[in-house]
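Visitor: As you go down the protein sequences, you meet chains H and F in turn.
Start counting at 1 in the first sequence, then tack on 161, and there's your number in my numbering.
Start counting at 1 in the second sequence, then tack on 38, and there's your number in my numbering.
If a hint is listed, it holds; no wrong ones were tucked in.
Quick list of in silico lysine-lysine cross-link-like pairs, DSS-like style, CA-CA up to 30 Å: (1) K391(H) to K117(F); (2) K252(H) to K322(F); (3) K329(H) to K252(H); (4) K441(H) to K526(H); (5) K267(F) to K321(F); (6) K66(F) to K346(H); (7) K442(H) to K120(F); (8) K266(F) to K257(H); (9) K339(H) to K391(H); (10) K267(F) to K201(F); (11) K326(H) to K346(H); (12) K201(H) to K118(F).
Just so you know, the hints here were simulated from the structure itself, not pulled from any lab data.
Chain by chain, the residues run as shown.
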Amino acid sequence: METFFEFFSFSDASIISVTVGAILLTASSAVVGTFTFLKKKALVGDAVAHSVLPGICMAFIISGNKNPLVLIIGAFITGWLSLVIIDGITKKSKIKEDSAIALILSVFFGIGILMLTYIQHNGNAAQTGLDSFLFGKAAALVGNDVITFGVVAVILMLTVTLFFKELKLISFDSNFAKALGIPVKGIDLLLTTLTVLAVVTGIQAVGVILMAAMLITPAAAARFWTDDVKRMTILAAFLGAIAGLIGAYVSYAAPAMPTGPWIVLIISVIALISFFFAPKKGVVSRLYEQRKMQHSMMDENLLKSLYHLGETDNDLFKGRSLNEILSKRYFPKKKLKETLTRLKRQGFLNSDNASWSFTEIGKQKGQRVVKLHRLWELYLSKYMHIASDHVHDDAETIEHIISPEVEAELERLLEYPEQDPHDEKIPY
Amino acid sequence: MDAFLIILVGSLIAISCSILGCFLILRKMAMVGDAISHAVLPGIVIAFLISGSRDSVFMILGASVIGIFTTFLIEFFHKKAKLQTDAAIGVTFTSLFALGIILLSVFAGQIDLDQDCVLYGEIAYVPIDLWITKSGINMGPQALYISGFMLILNIIFVRIGFKQLYLTTFDPAFAATIGISVTLWHYLLMGAVSMTTVASFESVGAILVVALLVAPPATAYLLTDNFKKMLLISCVIGVVISITGYYLAVYLDGSIAGAVVTMAGILFGLAFFFSPHEGIVFKKIVQKRAAAKLVQQAAIKT
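For reference, chain F alone in the conformation it holds in the complex:
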């Protein structure tokens, strides 16, 4: 039962991340996702200090504000201070993350969060951390509700805004001409990424969530050219890595989140070499055949 719960929560988070990640990597904003996932840390710590708990809606909303603020800060450094984009991203997220870690150390006594949790989460504790109502009824693991709620929110967001997100991703100029605000959808997406990051924070930590945002979509991207298929495939990959990662972690007695990410890396590697269209191996075979054909034709001509 515990294994099932952990895998279920892992899958819910992985699917949420995969959906948003598909947009991120096609918008060439993977590193912005990385930056946001680091930068929400001070927000989490502050929200924790104010509200005293780590799973309030308050915290998730607060984090989305911080995430949008991060995006804004990166753009500010880039546009107003004329700092190149990569450096703007690097400076912003490292400084905010450092601030978060320092706050965490300063208020160590008052916060039930430690640095390990920030790095790779504690998904193994999911079955223990129960939601018990005031009347004493056991409602099951809290993380299940949070990650389920986040997934539903993400699905609604992408379902309603699919056309707008799709157009602003692939052809922002056209989207602007037919009256879709590119900036608005940019910030909405960033808000969604921040909220998902925070909701996943407890289970997988601030850094490994990046892998869930990037690895399944990147793998799916190698397997198909169709965007809707890419969304579906990356969700399936999210579930597969959650299951296999869990058993890998049990086998090695290591961090579950770390193992899930390792599996994500392995799947990407497989797709990179053996994808039917994009894989290195396939490309080599096609090249060889073409070369052989050319040689044959040349032989016939002479």
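So here's chain H without its partners, still in its complex pose:
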């Protein structure tokens, strides 16, 4: 607990630099990741992330020190190369994209591991800490590093802001973008470069292995809360930053812990919560909506059957037994009882000794469904010229979703008809 207050009071200058660094790194990769996510190229980020390892090692072997700028250049070269090769393999051979990604990702990583172990076994004292690139170590960010990576992060965010419209267009419809005269190839290249840059800087915080998560997961989580790209980008950056902040804290409070996995785990939990509980798009709210729709269809079908029974007997308000209802239309028994009680609770039905009858509003609701069904049948046969014995099934589904506006339009178009194609009366 003590370290908690110590950390969040930001009294120590090094805490501030670590925190700012981690937040910038995670937020900027989340911003770039939004567009790779929307382009459905999320796993490409994974390939780049693994592929920067040989570049870092190579830069170290050549330069002999851990100057971040040199390492970034090395990482940038192999990261870029991996994308070019994946593209080449997919285009020039029969190997599919997913195989090409998996192949390049693992082979580049293997080469990186070979180099890394080669460096370690050759006793170069300067190499210690090189393996922190594997799982990330936000706490290792000091002074100049923070400035270097901070600058890159700011450049990333500024570029995305400047080219926001173009990036958005190529993410959704590159043909349309081309027709508008936008240099699609150039923007694609820009996005690729941004992805590589984001990975190269982000690995400081998360490490090469889990870097893919920083590109994919914040964007995936943000997607569940909004349909607006601008809001999604900002939200992704914000969620990424939260994970970065907590990661910096973990790195500070428990130096033995690898930072990357904690950041990834936190952002994953945020994503899971979004998948399940986001309004409208979340699994729970989707299920709820589905259930509501099922109930409303069940209600309407039942009221319709009662209305049909009433029509046959010329007595709409007569009480009906379960068997009478079932003779009109099949319902599963359990569902039928549930629906009857629900309708009674909502005031559409009265019940008396296992016999069920309409209330006034229940009659109106049943009547409306019957009316919509018959209006639609008439519309189909009159305007679509569909034979009258083919229109029932279609009307059976559409009757539940016709809005009052469409209802009024149908009535106007058909001029308040008296009868449907089966010579049944349309009730108003």
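Keeping the supplied structure of chain H fixed, place chain F upon it in accordance with the hints.
Guide: For chain F alone, kept in the frame of chain H given last:
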């Protein structure tokens, strides 16, 4: 003798992976294989904590459950939460892998596994890690038994289920019409991939096993159009990379698994350029000849 043992274990693992990999890349599921190999890590750590050893059958079976769970999770996110497939794969495996690494750090004192081992294995230790029975008889390296057992299991699986796997790979709709359960064979294959991944884990690590799953089959795919030949060629490639990789690693004094994967990459590169039918160079020559012929014919006509 040590070199021979290491190469032998490497080859056994590479062959197991190659056989399954052929199905994976043709089913366009290479990245699912990647996801499974990462995602089994928490399963391995938990099984380790419960059983206290890393080479029990218990662990291999437990891992196959986790692998199938991963596949299920990816499909759940895709179908129920309507998340696009690539993101569903990415989110699932990174979160499970992160969880595994964290568990590993938390229980570092109790587990004889470290992060390096997760990344690139310790195949060099194969000859040291012996299986000694209770009566004290030295039965030889444990990894040899595990990888041999896995290979036999995989061969039996593919031999018995060849028709079903073949059909569900190339024509799932037809397979379904003649009564083969596409879902069942999908999950069986995923289970096999998970078990192989775990069995190979100690020797090559969670990430490099992906290279063994994908690289030899992809190389073989460039060399032939016949599926059975593809299976055979990829097995041969598996053995070749194990031998050459070992000597490369000795020469450079680096990770053996890393070197094996590097060799796999080099072989793929060679096939990509010089394959007799699919290679870039060959295609260029054919194109040039065709162009020259056209020019000649045009000249004759005029």
